[in-house]
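Protein chains in written order, with the working numbering: chain W, 1 to 338; chain B, 1 to 541.
Careful, some of the hints might be misleading.
Said to hold, decoys possible - Coverage of chain B stretches by chain W, computed from C-beta distances (three or more under 8 Å per stretch; other residues unrestricted): (1) 11-18; (2) 326-332; (3) 360-373; (4) 435-446.
What the hints assert, rightly or not - Using C-beta positions, here's what the derived DEER-type ranges look like: (5) Thr524(B) with Pro17(W): 51 to 59 Å; (6) Glu14(W) with Ser86(B): 29 to 37 Å; (7) Asp9(B) with Glu157(W): 38 to 46 Å; (8) Gly321(W) with Ser32(B): 34 to 42 Å; (9) Met249(W) with Gly423(B): 49 to 57 Å; (10) Gly111(W) with Asn77(B): 36 to 44 Å; (11) Val103(B) with Glu157(W): 14 to 22 Å; (12) Pro212(W) with Thr524(B): 32 to 40 Å; (13) Gly113(W) with Ala114(B): 58 to 66 Å.
Calculated from the structure, these hints are not laboratory results. Small disclaimer: the values here were computed from a predicted structure and weren't measured. Where is the CB? At the ideal position from N, CA and C, for every residue including glycine.
Chain residues, written in single-letter form:
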Amino acid sequence: MLPDSEPSLAPHLETRPAGLYAPAFETYLDPSEPVPRALLSHAHADHAVEGHGEIWGTPETLAFYRRRNPEWAGSERKISFGESVEAGGAGLTLLSSGHILGAAQALFSSGAGSLLYTGDFKRRTSRTARPAETARASTLVIETTFGLPVFRFPPRERLEERILTACREAFAEGETPVILAYSLGKSQEAAAILGEAGIPTVLHGAAWKLLPDFAVAGVALPGARPYESGPPTREEALITPPSTSRTSMVRGIKKRRVIYLSGWAMRSASRAELDADVLIPMSDHADFDDLLAHVRDVGPKRVLTHHGFAREFARILSEKGIDAAALPGREERPRDET
Amino acid sequence: MTPYRLVADALEDVASRRGRNAKVARLARALSDVEDEDLPAAARFLSGSAFAEHEAATTSAGWATISAAAREVTGWNEDTLASCASAIGDLGEAVSLLLAPSVPEGPSVADADAFFRRLSAARKAAEKRALLVDLLERSSAVEAKFLLKTLSGGLRVGADLTTVEEAIAAAFSRSREDVARAHRDSGDIGETALAAKQDRLHEIQFRLFHPIGFMLASPIETAEEVAGELTGFAVEDKFDGIRAHAHKQGDRVALFSRTLDDVTAQFPDVAADLSRLPGTFLLDGEILAWRGDRAESFFKLQRRLGRKAPEPALLEEIPAAFVAYDCLAEGGEPLFEAPWRARRERLEQLAAEGELRLSRVYSAASPEELEALFTAARERGNEGLVLKETGSFYQAGRRGRAWRKWKKALATLDVVVTAVEQGHGKRAGMLSDYTFAVRGENGFVNIGKAYSGLTDEEIRRMGTIFRGLTTGRYGPVRAVEPKVVIEVSFDSIQPSARHKSGFALRFPRIVRLRPDKPVSEITTLEEVRELYARLSGSPQQ
Chain W
1 MLPDSEPSLA PHLETRPAGL YAPAFETYLD PSEPVPRALL SHAHADHAVE GHGEIWGTPE
61 TLAFYRRRNP EWAGSERKIS FGESVEAGGA GLTLLSSGHI LGAAQALFSS GAGSLLYTGD
121 FKRRTSRTAR PAETARASTL VIETTFGLPV FRFPPRERLE ERILTACREA FAEGETPVIL
181 AYSLGKSQEA AAILGEAGIP TVLHGAAWKL LPDFAVAGVA LPGARPYESG PPTREEALIT
241 PPSTSRTSMV RGIKKRRVIY LSGWAMRSAS RAELDADVLI PMSDHADFDD LLAHVRDVGP
301 KRVLTHHGFA REFARILSEK GIDAAALPGR EERPRDET
Chain B
1 MTPYRLVADA LEDVASRRGR NAKVARLARA LSDVEDEDLP AAARFLSGSA FAEHEAATTS
61 AGWATISAAA REVTGWNEDT LASCASAIGD LGEAVSLLLA PSVPEGPSVA DADAFFRRLS
121 AARKAAEKRA LLVDLLERSS AVEAKFLLKT LSGGLRVGAD LTTVEEAIAA AFSRSREDVA
181 RAHRDSGDIG ETALAAKQDR LHEIQFRLFH PIGFMLASPI ETAEEVAGEL TGFAVEDKFD
241 GIRAHAHKQG DRVALFSRTL DDVTAQFPDV AADLSRLPGT FLLDGEILAW RGDRAESFFK
301 LQRRLGRKAP EPALLEEIPA AFVAYDCLAE GGEPLFEAPW RARRERLEQL AAEGELRLSR
361 VYSAASPEEL EALFTAARER GNEGLVLKET GSFYQAGRRG RAWRKWKKAL ATLDVVVTAV
421 EQGHGKRAGM LSDYTFAVRG ENGFVNIGKA YSGLTDEEIR RMGTIFRGLT TGRYGPVRAV
481 EPKVVIEVSF DSIQPSARHK SGFALRFPRI VRLRPDKPVS EITTLEEVRE LYARLSGSPQ
541 Q
């Protein structure tokens with residue numbers, strides 16, 4: 001689509017049908033189909049498809065990948081945050097992206113300059129993920145899920161307050177809080193916030209089964225129990241993925257207050273789409289201002305955008321005099337934030 | 001001075017409450033916090049309307065105006081605004097998200113009221129834009145969100161006028177019946193709220209020439225559904241015209257449509273006929289194209305619609321007449337709380353004293369007899385039947401079970417136009433191709449596209465309307481605000497990935513415009529699903 005974007009990826013990356021490819025390391029980055037070797041920035045399903053021959057990533061990401069794909073029998077290479085891998089005259093370092101536990105940005109460097117691939121990232125702190133790091137790089141490949149100025153999230157503390165208020169009001173009125181949150185990352189984050197405030201939680205199996213891997217990384221969730229051991233009783237909050245909002249598990253709770261935690265909660269329409277009541281834009285992605293801040297801190301000569309509002313964000317950067325283009329790629333917008 | 005923020009915060013809370021009682025309680029709290037002088041406007045705003053229902057004023061600001069004002073206030077260019085609107089799914093909401101989350105002193109309820117009234121009076125786009133700029137500059141995100149939603153007509157917070165009536169009753173400890181009656185007679189939820197607060201509900205009296213809500217019928221699909229209750233129902237043909245209330249005193253006549261618009265000037269022939277009758281009254285009935293002693297098709301009547309004043313030649317060509325089926329007031333005395341039977345008697349007396357066409361009343365003792373009446377009604381060119389409980393009151397503005405309607409199983413869909421584009425060949429240069437939608441669970445979903453079955457003249461007239469409703473242009477296609485309701489017929493219905501509804505119509509044809517049909521009452525996706533299930537894709541007759 002934009003042929004002139006290709007040269008600026010070189011020499012670190014090139015685009016191939018399955019996704020971005022790092023020739024020095026003979027590895028794809030978050031490819032969309034099985035490949036011989038994949039570097040996984042994090043373990044969300046849209047970045048970590050099953051069936052790769054070999055996977056590279058942080059210990060946490062690899063553990064999630066194995067947990068979610070128990071049949072998979074490939075090999076792995078753990079790369080810890082800050083550790084450098086050298087090949088073909090190039091270096092690769094993983095930096096925290098702040099997205100979810102184990103999520104990494106990949107910094108490529110060589111005599112020909114450096115390239116930072118953000119993967120999914122957020123700059124705000126959270127209870128279950130390491131804070132994001134930044135590094136200077138001459139080229140920035142940035143995810144732009146929320147690359148429009150309508151996506152500016154309120155301060156983190158305010159959002160946490162809103163979650164607690166919604167739950168407490170629900171309890172006061174005899175309703176069960178049902179928190180719609182993606183199973184890896186957001187669910188555990190919600191359980192941590194509620195647990196700290198003394199609100200016990202019941203987790204959907206998809207989120208619950210990942211807790212051992214969170215525990216290994218030092219993230220404990222006191223006050224959480226699995227849905228398997230029974231539906232929520234009074235004074236317990238249910239945490240379940242957005243995809244379950246119209247299932248009998250949720251609908252069976254007659255008196256409920258459904259709280260949607262996602263950047264997409266900025267849209268009133270998501271209320272009807274998910275049969276939700278309270279919309280709280282707590283996201284694991286950078287909002288528009290944080291995207292701009294990341295570009296500023298990395299200080300690249302050229303920015304390449306992908307995911308979400310890639311063309312729009314590239315256009316906005318260009319209007320600000322920054323050399324930017326969207327990577328060719330899928331146009332669809334994730335509705336479930338991952 | 002009440003801040004508009006109080007209204008906006010309440011609406012945001014109402015949207016996030018599931019139960020009707022919780023919504024009522026939250027609205028009631030807001031209403032009791034409003035100062036008297038601001039209560040009428042605040043109550044209207046809480047019900048989603050900028051004006052009293054009986055006011056002729058309407059708000060209108062199209063995409064171009066809102067987007068131009070937003071550019072000026074936010075500094076974002078048109079491309080970014082369009083992207084934002086598409087991401088959020090609503091231009092007004094997107095614009096609000098580009099404003100500051102809070103401002104030191106937002107607009108007051110009185111400011112908002114003044115804004116809507118000035119906007120309604122403004123004719124020039126530049127004037128409208130300036131008013132919007134001024135308002136947006138003073139508003140925070142949540143204020144702008146609901147001001148703009150009010151502007152485009154649709155808060156979507158799950159609270160209708162009845163909910164607000166209940167909230168008024170709860171806020172000021174009045175009975176729901178008294179509030180509903182005052183609301184019916186005033187045609188203004190705002191006036192009703194203030195009267196409730198000041199314990200003056202009884203002072204609100206029925207007034208002629210003041211539009212009243214229409215009683216609506218619940219649908220039935222088979223005669224069997226009412227088999228057990230048939231003896232309690234009177235049966236009439238369901239006419240295929242324009243439902244109207246006719247107010248008359250001396251030689252003054254006013255005709256109001258279902259949307260409570262005064263359509264008297266559009267039907268001078270009907271008004272003249274009615275003015276010749278003796279007495280003072282309010283009648284419910286139907287305006288029909290009329291020739292000799294019988295009604296003509298809606299196609300004919302359609303040509304009379306949407307013009308301020310028809311020229312004499314058209315009146316000559318397509319005369320219209322009023323067929324009365326209910327008498328809601330006589331001699332200044334309201335009859336809403338009289339049973340249908342008694343109202344019918346009054347109506348028949350009126351007809352005995354002057355030249356007034358009445359609907360015929362039938363009765364059916366069994367489902368079979370009802371079937372026979374239905375078939376006969378269809379043969380007379382009518383839509384079907386209406387069943388009216390003979391002991392029921394006139395519940396203005398309500399759809400209850402006291403009235404039932406039996407139409408032919410969805411032979412047509414009522415849909416809203418979402419996009420238009422230019423035709424080809426003979427109709428090149430005219431906006432003759434319409435894309436249309438039904439109401440899904442989460443907003444409108446497209447179900448088809450059809451070439452206009454309208455006359456060239458109608459297409460031209462609609463073209464002007466669509467230009468004013470344009471929200472964006474994508475090559476030859478104009479996206480338009482979903483405001484124009486049309487009726488489409490089709491040969492069959494099948495599942496399809498082509499349209500967002502998941503269905504496609506085979507050979508869709510535009511039957512007619514339905515200016516009498518509010519957008520809120522178009523066919524729902526659920527009805528389409530049921531229809532599909534019933535027809536299982538087989539061709540319809």
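Now for the hints, and whether the structure bears them out:
| no. | hint | verdict |
| --- | --- | --- |
| 1 | 11-18 | holds (count 4) |
| 2 | 326-332 | violated (count 0) |
| 3 | 360-373 | violated (count 0) |
| 4 | 435-446 | holds (count 3) |
| 5 | Thr524(B) with Pro17(W): 51 to 59 Å | violated (42 Å) |
| 6 | Glu14(W) with Ser86(B): 29 to 37 Å | holds (31 Å) |
| 7 | Asp9(B) with Glu157(W): 38 to 46 Å | violated (20 Å) |
| 8 | Gly321(W) with Ser32(B): 34 to 42 Å | violated (54 Å) |
| 9 | Met249(W) with Gly423(B): 49 to 57 Å | holds (50 Å) |
| 10 | Gly111(W) with Asn77(B): 36 to 44 Å | holds (40 Å) |
| 11 | Val103(B) with Glu157(W): 14 to 22 Å | holds (21 Å) |
| 12 | Pro212(W) with Thr524(B): 32 to 40 Å | violated (47 Å) |
| 13 | Gly113(W) with Ala114(B): 58 to 66 Å | holds (59 Å) |
Violation of the numbered hints given earlier is confined to hints 2, 3, 5, 7, 8, 12; the remaining hints are satisfied by the structure.
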